[in-house]
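Chains as they are written, first to last, in the working numbering: chain F, 2 to 279; chain C, 111 to 674.
Derived by calculation from the structure, the hints in this document are not laboratory data. Every residue gets a Cβ at the ideal spot worked out from N, C-alpha and C, and that includes glycine. Among the clues, some could well be false.
Per the computed footprint, the stretches of chain F lying under chain C, defined by three or more beta-carbons under 8 Å from a beta-carbon of chain C, are [to be verified]:
1. 89 to 103
2. 113 to 124
Think about it this way: if two alpha-carbon atoms lie no more than 20 Å apart in a straight line, the pair counts; the simulated DMTMM-like pairs of lysine to aspartate or glutamate are [stated by the list, open to error]:
3. 418(C) x 136(F)
4. 305(C) x 288(C)
5. 418(C) x 129(F)
6. 305(C) x 73(F)
7. 418(C) x 137(F)
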Amino acid sequence: MSTSPVIRLNDVSKRFGATQALEEVSLEIEAGSVVVLLGLSGSGKSTLLRHLDGLEVPTSGSVEVLGQSVPELRGRALRALRGRVGFIFQQFELVGSITVLENVLTGALARLRGPRLGLPTYPKALREQAFAHLEEVGLAAQAFQRADTLSGGQQQRVAIARALMQDPEILLADEPVASLDPESSDQVMNLIREIGLRRGLTVVCSLHQVDLALAWADRIVGLRHGRVVLDTPAEGLSKEQVMEIYGRVATSTAEIAALQDELLETVAAIAAEENAAR
Amino acid sequence: MTAIAPPRASAPATPPGAPRRTLARPSGRVLTAAALLLGLGVAAIWSIVDLEVGLNQLERGLANAGRFLQRTVPFEWPSLGDVLWLSAMTLAIVVLGTLLATVISIPVAYLSAANTSPGGLVTRLLGRLIGIVSRATPDAFLALAFAMIIAQGALPGILALGLHSVGMISKLTADAIEQIDEGPRLALRAAGATKAQEFWGGIWPQILPSVIATVLHRADINLRATVVLGFVGVAGLGLELSLGLKSLNYREGIPYAIIMFALCIVFEIIATSVRSTLLGVRPSGRSLGGLLARRTVPAAPVAVDPLKQPWTPERRRLAGFSRSSIVVIIGALAVISTSLPNFSLFWQNTGIALNRMLPPQIDEAKWGSVAEDFLITIQVGLAATLVGVILSAVFGAFAARNVAPNPTVRGVFRFLLVVNRGIPELLLAFFLIILTGLGATAGVVALAIGGIGLLGKLVADSLEEVDPGPERALRATGATRAQIFFAATLPQAAPAIVGHVLYLLDTNVRASSLLGVIGGAGIGFTILQASRINHQEMLALLIIMVFVVLAIEALSSLIRSLVK
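One chain only, chain C, in its complex shape (with noise of 0.2 Å):
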C-alpha cells in the first residue's frame, strides 16, 4: 500500500526533491523546423565550400579589372534617338507584358481564392496549380520557347513576362482577396447582385490597393528581367548590350548597361512615388502586396456643391493615374506595333516547333553532366541566399525604426537599401563573370548582393511591424537596446523574417538557373546550347528544372507552415 500524499497547495508535477523542470519540452514542430533550417543551412555551407566560393577569385578579379576598364573606356554611346527608341521598346515589353500577366491573374485569383473559387476544393487547387507552375517557368526560357514560334522581337519577350509574372500577380491577389472584409460582399448579395457585381463591387474597391502595388512590384523586377531576355533574343536595351557583350565589345555594350541601370533606378523612383502618393487606401490585407501599399488615409474632403464630385486631391490623384495609365498603355502598344512579326504563320510554326520539342528526351550519356549543372545551380541558389542572409539581418536591422541606434543610422541604411535594389543583380553577375571568369563565385556574389535589397527591406518592415507594447516594457524595466532587441522584437518578427529568407531562397534558385544565360555556370547554359540543337532535350530540360523549382518551393512552405 503506498501513503496517500498529503495535498499540496501548489501541486507541482515533480516529485519532492526532484530538480523543477526550468525547460520547455520543445514541440515537434518546432523540432522538425528547426531541423529542416539546420538542413538548409549545412546544405549551403557545403556549397559555398564544394563551389570554392573565395576571396581569392575576386582578388583575381581584380587584377583583371584593369585591363578590362582598358577595353571598355572611352565608351562609344549610342545616339540620343537610339537611346530613346531602345529604352521606349524595353519599356513598352515590361509595361505590356505585366499588364498581360495582370489581366490573366484575375480570374486565375479569384479561381484561387478560398472564399470566391466557384467549384470548392477543385477549382482552388486548379488555380494555385496554375499560379505555381507559372512561377516556376523561368521568364527566359519562356522566351526562347515563344522565339521558336513566332519569330525573334518584342512579342515573345512580353509573352514571357506575361505567363511567368501571373504566378506572383495572382498568388498575392488572391491572398488580398482572402483577407476581405466579406460583410460588404454580403450585403451586395442580399441586395440582389450577381456573382461578377459582388466581385467589382465588393472585393475589387478592397483589393484594388494591393493589387497596384503588386503589379507596380511586379513592373519593377521585370524591367530588371529584360536584361536576361536580351541575352535569348528579346528586342529591347537587352539586346543590344549582350550583342556588344557576346562580341567582347565592350566600348558599344558597356553603355547599355549603364542606360539599364539608370532607366531601373528611374522606374523605381516612380514606382515609389506613385505607391506613396496615390494609393490613399489603406490596403485592408497583410499581403506582401498590402505591406508594399501600405499609407495613411488622407482627411476627409468637403463636399461643397452637393449634386457635383468635388475634385478632391485624392480624386485628381486617382483620375490622372487612370489617364496617364491610359496613355502609357497605348503608347506602349503604338511603340511594339512597329515590331509585330507576322502571323500568318502562326499556327504552322507552332506545329513545327512542337514536333521539333516532342516528345522531351535527354542523351543517356549527358545524365552524369545534366545532374552536375542542377547540383551547381542549387548550391549557387544556397549559397548566395546564405550570404544574402547575413548581410541583410545587418542591413535589415539598422534600417528598422526601432532597432537602429539613431534616425540617422536607419536613414544610411534604408538609402543603402534602395540603391541596392536599383541594381539588376544578373547585370551585376556579368560584370563579375566578365572580371572573375567562369566560375561559381561570380554567381553567389552577385545574387547575394542583390538578394541585399529585397531581403534587406522585408527584415527591417519586418521588424518595424511589431507589436511595440513589450518593447516599451522591457525599457521600462531597465533592459539594454540589445536585450530588448533579442527578447522582445525579434521573437515577434522571426515568422515573418523565416518567411522572407525561404522566398529568397526560392528567388536565388531560379535566378541562378538564368546565370547560365549570361554566361555564368549552371543548368541555364545547358539549356541555351541546347536550345540552338536539341528542342528535345531543351524542352525535358525545362520541365525538369520547373519541377527543381517546385520541389524547393513544396520545402519552404512546409517550413513556413511549420513557424507560423
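The following block holds chain F by itself, in its conformation from the complex (with noise of 0.2 Å):
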C-alpha cells in the first residue's frame, strides 16, 4: 500500500553557532501519513521542520522532499516547491493591517507572477477560491475584517486556509496550538488532522504535549537535543510505552517528574470531564 516516501532526510545536521541544534537525523515520511514530531522546546523539531521548506539549509546530509534535493534549490526552483508545502506557524503569522481575505489570498502568491497589494490585484477566480476556503474553515464572515481583529484560534484557522490556498503537497505545522487556549487547541488540531485527511496530505506537526501527540498522530517521532530518540505508530500504544515515551524526550529526572505531573493532572481533568457528562 505504501507509496515512496515524500520526505526523506539523510544524516541531517546543523550548527547554529555553538549550539548544535539538530545531530546525524535520518527519517522518511510517507505520502499521506499524519506525523508529529515531539520533544521539548529546544530539542530542533522547529529547525527539521524549517528544512523541509527550505527556511534553513543543513551544515550537512540530505534533504529531500517531493523527490527533490532541497538545499540544492534556488531562486524559482525553491519558491515553486515552497508553493508545494503549506506551513503553519505557532504565531500564526499574518498580516494584522490587511483584511482576512487577502491574508488567505497571499498563500497564492508562488503561482503569481509580481508583488500583489489590495484585494482588486489578485484575479476574481483566486477570490473566490479564498473564499471557499475561508468557509472551510468557518470564517468567512470574517472575510472582510482586518485580520488583527481576530481572536489567536481564528487567525490560525486563517493561517490554515492560507496553506490550502497553496494547494499543498504536505502541510507542516510548527507548534500551532502553543499560543492557544484548550478549546481554540482542539478546534485547530482537529481541522488540521480533517483537512489532511480530505485531501490526502502529507503532515508534519510539532508538539511538546505528549497526550495530544498520542490522540492526534499515526506516527510519532522523538527528538531531544537534535536527535531522534523514538520513532514508532502512535496506534495501540500502552500507558508503560507512554512513560517510557516520557522518559526518552525527557533529559533529565526532573523534566520526567514535571512531564509525569502533567501527564496526571491531564489524567485527572478528563476523568473530570467524565463524570461531569455523566
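Build the complex from these two chains, which are given one at a time in their own frames, with help from the hints.
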C-alpha cells in the first residue's frame, strides 16, 4: 500500500554557532501519513521543520522533499517547491493590517507573477477560491475584517486557509496550538487532521504535549537535543509505553517528574470531564 | 599573618568603619555623554555672547517697525486669479517634489534596512550614505545647481525637494522596516513568495501608516521650504515674495508672505486631519513616523453580503484618500506642465554647467572669510538651539497631559505649538532681518522660535509616552507634582528628549546655512554670491557645507548612542 517517501532526510546536522540544533537526523515520511515531531523546546523540532521548506540549509546531510534536494534549490525552483508545501506557524504570522481574505490570498503568491497589494490585484477566480477555503475553516463571515481583530484561534484558522490556498501536497505545522487556549487548540488540531485526511496530505506537526500527540498522530517521532530518540506508530501504545516515551523525550529526571505530573493532571482532568458529562 | 575576619551576614564591600559608598560610580558612557552635551552647551553660550545676540538689537528693530509699516500698508494685493495660480504652482512643486522623494526613498530604505538589505553591510552602508548625503545637502543650493542646468522655473524646485527629502523619508522608512514583525514575511517566504512579493505583501502593509505619516510631515516641511526656494528663483509664491522684497517693494511683497502663511496653516490642518482620520491602523513601530501616525484601531465591521467587501467607514476613507491623491497628483502635473523648460539642450547645458563648476576650488585669499562665514553659521545654529531648548522645555512640559496642572493649560499650550508650527521660520527670519538689520540676532531668534513648534511637540509627546506606573507609585507615596515630574517622568523621557534636541541642532545648522539666502548672515550669502560669479567656488562651498552638516550629525549620533 505504501508509496515512496515524500520526505527523506539522511544524516542531517545543523549548527547555529556553538549550538548543535540537529545531529545526524535520518527520517523517511510516507505520502499521506500524519506524523508528530515530539520534543521539549530546544529539541530541534522547529529547525527540522524549517529544513523541509528550505527556510534553513543543513550544515551537512541531505534533505529530499517531493523528490527534490531542498538545499540545492535556488530562486524560482525553491519558490515552486515552497508553493507545494504549506507551513503553519505557532504565532500565526498574519499581516495584521490587511483583511482576512487578502491574508488567505497571499498563499497563492507562488503561483502569481509580481508583487500584489490590495484585494483587487488578485484575480477574481483566486478570490473565490480563497473564500471557499475560509468557508472550510468556518470564517467566511470574517473575510473583510482586519486580521488583527480576530482571536488567536481564528487567526490560526486563517493561517490554515492561507496554507490551503497553496494547494499543498505537504502540510507542516510548527507548534500550531502552543499559543492557544485549550478549546481553540482542539478546534485547530481537529481542523488540521480533518483537512489532511480529506485531501490526502502528508502532515508533519511539531508538538510538546504527549497526550495530544498520542490522540492525534499516526506516528510519533521523538527528538531530544537534535537527535531522533523515538520513532513509533501512535496506535495502541500502552500507558507504560507512554511513560517510556516521556523518559526518552525528557532529558533529566526532574523533567520526567514534571512531565509525569502533567500527565497525571491531564488524566485527572479527563476523568473530571467524564464525571461531569455523566 | 592576617587575622581571618568573621563572615558577615550582609557583607558590604567597604571595610568596617569606613563610610559606606552611597553614590553610584558614574559609568564612562554617561560621563562622555555628559561632557559632550556640556561642551555643546558651553559652545552655544559662547556663540550667543560672541554673536552679540541681545535684546537691544530687537529694541532697535521695534523702532524700525514704524518705518517698515509705513512702507508696507496699505497692501497692494495681487488679483484673486494670480493668488490661486501661484498657490497652485507652489503646491504642485511641493506635491511632485515629495512624490519624487517618496518613490526614490522606497528602494533606498530597502537598501538601508538591516533586515531587507540584499548585500549585507555593503549595500546597507550604501543606502545609509545616500540618505545622509541627501539630507546634508540643503535644498535651496540644489535648486541653484539645477537652475543652471535646466533653466529657472518650477522644475529645479521639484528636483531639489525630491532629492533633499530622500534623506529624511528613507531614514524613517528604513527604521519602520527594521521594526516590523518578521513573522508574516517569513510566512510568505514559506509559501514561495519572491522577494518583491515578500516586500509588498508582508512588509509594505505594516509600514504603510508610518510612510503616510512621514510623507505628510515632509510635505509640510517642503511647503515651508518653498519660501527659500523662491529666493533662488523657483516659481510660485516664494518667487513673487522675494521679487517684491528684493526691490524693497513691501506693499506688493508682504501680501504674498501672508498668503504663504495662510497656506501653511491650511496645509497643517489638512495633514493633521488626514493623519487622524485616514490612518485607521496602528503604526507597528516607534519611529518618528510611527509616533506621528499613532492612532486607535476602529471597531471591526460586520460582513453583510459574504461575497462583497462591505463599504465600511474605514474602506470608504481609504478609497477617498487614494482617489483624491490621484486627482491631486494629476492636477499638480497639469499645473507644472505649463512651465516645463525645453529639454532639447539638456545634455549640452549639463556639460556647460559641469565645465564651469569643475574642479571645485576657493581662492586662497578668501579662505579666512569663508571660515568665518562657516563659524557664524554654526554659531547661529548652536545659539538658536539653546534658546529653543529653553523655550521648548516650558512649552513642551505644559503641553504634556501628565505634567500640565490641568487640561485647560495643556490645551492652550498644545494650541500655541500648532500655531507656532504654522509659521515658516525662514519667513519669520526674513521679517526680523528687515526689522533688525543684518545681525545674527534675527536669525537666532527666528530659528529659536521656529524650533519651539517642533521640539516642544516632540518633548510633550515623549513626556506623555512614559510608563505611568512609576508616576502613580510616587503619587501614592505622597510626592508633590514637581517631585513626580523630576523623579519619575523626566528620567524616563530623558533619552528621547536628548535625541530630539540633537535633531533640532541638526535642523538648525542646516536652516542657518539658508539664512544667508534670504539676506541674513553666514555662509548662505557667500554661496549665493558665488552662484552668480564663480561656480567653482560655489561647488567647493557646497561640498564643505555638506561635510560640516555631516560632522554635526556624526557628533549627535554619537551622543544619542551614548545616552540610549
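Right, here's what the structure says about each hint:
| no. | hint | verdict |
| --- | --- | --- |
| 1 | 89 to 103 | holds (count 11) |
| 2 | 113 to 124 | holds (count 6) |
| 3 | 418(C) x 136(F) | holds (15 Å) |
| 4 | 305(C) x 288(C) | holds (16 Å) |
| 5 | 418(C) x 129(F) | holds (11 Å) |
| 6 | 305(C) x 73(F) | holds (19 Å) |
| 7 | 418(C) x 137(F) | holds (18 Å) |
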